[in-house]
Amino acid sequence: MEILMHRIGIWIGVFLTFAIFSFLYKDNPFYKIAEQIFIGISAGYWFIYTIYNILIPNLFVPVTTDLAHNFLLLIPAFLGIFMLCRLIPSIDWVSRYALAIVVGTTAGLFFKRYLQSDVLNQLTATMLNPFASSNAVQIIGELLLIIGTLTGIVYFFFSKKHEGAFGVTARVGIYFLMVSFGAAFGYTVMARISLLIGRLNFLLGDWLGIIKP
Amino acid sequence: MKIFERFLHIDRRIIFVLIFIGVALPLIWTLGFNLEVTENVQSVYDLLEGLDPGTRILISFDYGPSTKPEIQPMTIALMEQAFTSRLRIIAIALWPMGVQMCNEAFEKVSAEYPNIEYGIDFINLGYKAGGMVTINHMAKDFRSTFPADAGGNPIDEFPIMKDIKNFDKLGCVISLSAGDPGLKQWVMIAHDTFGKPVVGGTTAVQAPTMLPYVNEQQQLVGLLGGLKGAAEYELLVNKPGFATKGMDAQSVAHLIIIFFILIGNIGYFATRKQKDTLKA
Amino acid sequence: MRRQIPLLITFFVGTLIIVSEFIPHKPFGNLSTSLEGWFLIISGFAIILGQLNLFKVNIIKISRKAPNWPYYVIALVSFSVMVICGALWGTQQQPGLIPISDKMLNFFGYKPFDYIFKYIFENLSATMFSLLAFFMASASYRAFRARSPESTLLLVAAVLVMLGRTTIGSTLTGWIPDSLGFLHLPNIASFIMKYPNTAGQRAILICAGLGVIGSSLRIILGIERSYLGGK
Amino acid sequence: MRVYILLIILIFLSFTLCAQDITFTAADNTNDDGDAIILEWNAPPSVPEMIISRSIDKENYIEIARITPLLKTYIDDDNIEDGQEYYYKLSVLNEDGDIVQSFTASAIPKAQWFNTDKISLLIMTLLLGSAIIYFIFSARKGKRLYIRKISGLDTIEEAVGRATEMGKPILFVPGINDLDDMQTIAGLNILGHLAEKVAQYDSTIYVPVCRSMVLSTAKEIVKESYLRAGRPDAFNPDSVFYLTDDQFGYVAGVDGIIMREKPAANFYLGAFYAESLILAETGFESGAIQIAGTAMPTQIPFFVAACDYTLIGEELFAASAYLSNEPNQLGSLKGQDVGKAIIIITLLVGIVLEIFGIHFLKDFLATH
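As they're listed, the protein sequences go chains A, B, C and D.
Residues 1 to 213 (my numbering) are what the first sequence spells out, left to right.
Residues 214 to 493 (my numbering) are what the second sequence spells out, left to right.
Residues 494 to 724 (my numbering) are what the third sequence spells out, left to right.
Residues 725 to 1092 (my numbering) are what the fourth sequence spells out, left to right.
One thing to keep in mind: the hints can contain errors.
Claimed, not checked - In silico lysine-lysine, DSS-like type, Cα no more than 27 Å apart, as pairs:
1) A:160 - D:873
2) D:865 - C:554
3) B:458 - A:212
4) D:834 - B:353
5) D:873 - B:382
6) B:321 - B:353
7) A:212 - B:375
8) D:842 - B:353
9) C:549 - A:32
10) C:687 - B:321
11) A:26 - D:892
12) B:409 - D:842
13) C:549 - D:943
14) B:409 - C:519
15) D:873 - A:161
16) C:596 - B:321
17) D:892 - D:834
18) D:813 - B:378
19) B:375 - D:782
20) A:32 - C:611
21) D:842 - C:519
22) A:26 - C:687
23) D:865 - A:160
24) B:409 - C:687
25) A:212 - B:452
Just so you know, the hints here were simulated from the structure itself, not pulled from any lab data.
Generate coordinates for the entire structure from the input sequences, incorporating the hints supplied.
In structure tokens:
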């Protein structure tokens, strides 16, 4: 029986795969059906996992087994219920209290972490002595890294017109940005092709058995 | 000259079909191009090799089935290495689908390591929402973030969780990440705030934006980028798998794309010259 | 009241989180830790809200017979099936409300929830994203043309990285002697990724980082209120 | 007998030798809430195992960990109370697991009022925070702040003109995130300007959205724009409409509009993920002028490659500030520019210092 259900599962998978690939030709009912199944299952999965992995172990179990030590957890529990009030338009304003905590915590944490990791650490990571190495390729590379970072920041400077020497610097900056976008694009081609390989592996392997999956 | 005009406007469905065939054929007949291990991949390998046997490492599963072909091979190779060098894995997920990805990988790898025991050498603690804030919370109070494993059993029951109160007792953190929340947040919290070595495996989409973190401060010690990163890792652990097999198909698909870029540019320059002469 | 108190809460919470970075002493350190614990639970509810909202929107669409409404029935049914399977028989690790019989387990080979995930969801999700492979190919064909200095740089960088990142690169230039190793395609690709790409990405990272700092500050100070809805 | 004596002497000697090598200290773990003590030791690698035990009264020691000499430190954070003195014993075991030697140490944990590791972070926080706040408030007071023109914005007028000429609509996509994302807000600000132009030229605009909160805000904005252009009667409330929350469902919907209506110009301004390329490709097929803008680092390359004009990263926010002329946004942008200036100067100074072998600045800034 297990094998039969496995085969049926594969066939369902194949049908759905082609239903979605049909979008490449144009939007059609098969694609729409597959898409709605996708939306529904995905939402159901999130729902179940949120309850099993978060609400039960982190809220329900501690509150029901040892309320005395965990009574503070009732605060987020109420705020969470406030959050759900968004579903009812007449009282949706209470969700703002919960939202305020979420947004405030995120803003505070983002402020310090982005400052540290994306500003300070990137700054010190660029403070290099390019001439420290004896390897010509590395010297050129580090010089490019320094020039590229500096001119790139200049490009994103909005308080001054891009003219004269400043304009030239910004111009160099955009060249570096272009190289990095080109490189990123080239690098990324692999990502999407990988997903297609995964699909073909399923079709040719699991389904048709031409290759070993 | 008409042919060059045509070079400029190839119907994209021709490209679609060629890509499809170009990926399918090398999967059936392998070509076997050779592969070289790059610096960033080697650093990941070296970091794990440098840990003492018995050390606990945290692996965060921050991806789902949509990017499984790219990241699952990395997961499997990393697990192989960890179990071979007797490292113990604490698995968590910041994406709910990550829990299933972890189960699938563990089932596959643990079949070859009969003495690996759940709760001693490996544990799956399940999914938590909240991204960066939750990482920050577990770094300060691990046990209240994860009171139970994915099956709902209290973590006190498992020897692998002994003394784990924060990140102090972990050898390193690995994030297998397909987006947000993922590797970036782990770098910001686990390394930049709590000083733990962080390595990651990401999709090739994300990798270029993560590279600035691979620097002499080692915000990120090493990075596996896309299927190539996975294939290189398979080479390092000596277990060629899906990624290695996929590299031929990658090469052919890339060649097809480059071929079309060339055609487009030839058409562009040829017709432009023509237009220039007409103008003159 | 309905706007002022949330703004005050945001201000208080945001400031506390920032201050606790510099002052580890009680009450700052432990308060911020508790807040982060609450955040997890509230986020859990927020996710539930999202799914319930989807349910609600679909019900409204169906009851109003909106265009394409039969498709929304499919979404509702799939959602309900998934939730019911998950609640009744549980997931791979988690027991559900009723114990699953061996007969059923043998029939499917997995629990129903996991069966749907493995055979339906995984295939759907993976195929959705694999569509991008085709769009990527056609976009590169028509976008990468050497029209201007900028687009030439874009094109050259893309092609070099594409060559160097696959096995063709190592095969094509494998014959180059070690003394000229930097001309080896994988090395060229690594060079581009390591230096000019990192430079460009780092400039973006630093400026975007400053942007995040600016917007976080505006939110904490109550200047930016769009998250509360309305303008 | 002699053999035994010799053995005993040998064992004794080896232990004294070991003993000389072993050191053990306990100290308060700094920069914390007084809830941890850091233990450090130095022992020859030949020692097989050691036990750390803890006591608060110097008499009853409880084992807290078994360690190997390879590990050099141990942080004890198990129920440590601020101000209480703790005594530690390091017991060295032999191969058989018997205790052969022990060392003691003690420490009092203390909570700190300031984390000294974070001085540079604090300085930066204060510098940037005050710059941004200063400029926001001076902009609010009416001070005129200069923002350079973002070159891509010229194309807005051009695109609207072209659409009017061709008698085709304009499509505006505000990304797939909700209002809590700054990119969505920035996109909607630009929509305000665009809709005003559309109203002036008497063209049509379509705004499909995928979040209900974005729907109401976008409707409001477009309506206001028509009002500003003096043509409130021309506003069609159905031109702003909700498709679906789902990423790929939304893309399929927008693609449908592009293929059916063949808009003259497509604007993609906001937060985008994997759908960016599908939108840009379909738009190109339909022959539209395409203008994009996003701060999603992973998606910028696709837009740059596939669209006619792209607002890169922060340019999206600058464009929004420039067009809306809103003091909060202008002031914040100006403050961030001060931050960029500080960074450029610090970076230059740092590099010069590094070249001369002075590492002070770099070490000071690189904290943790």
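* Violations among the numbered hints -> 2, 5, 6, 7, 10, 17 and 22
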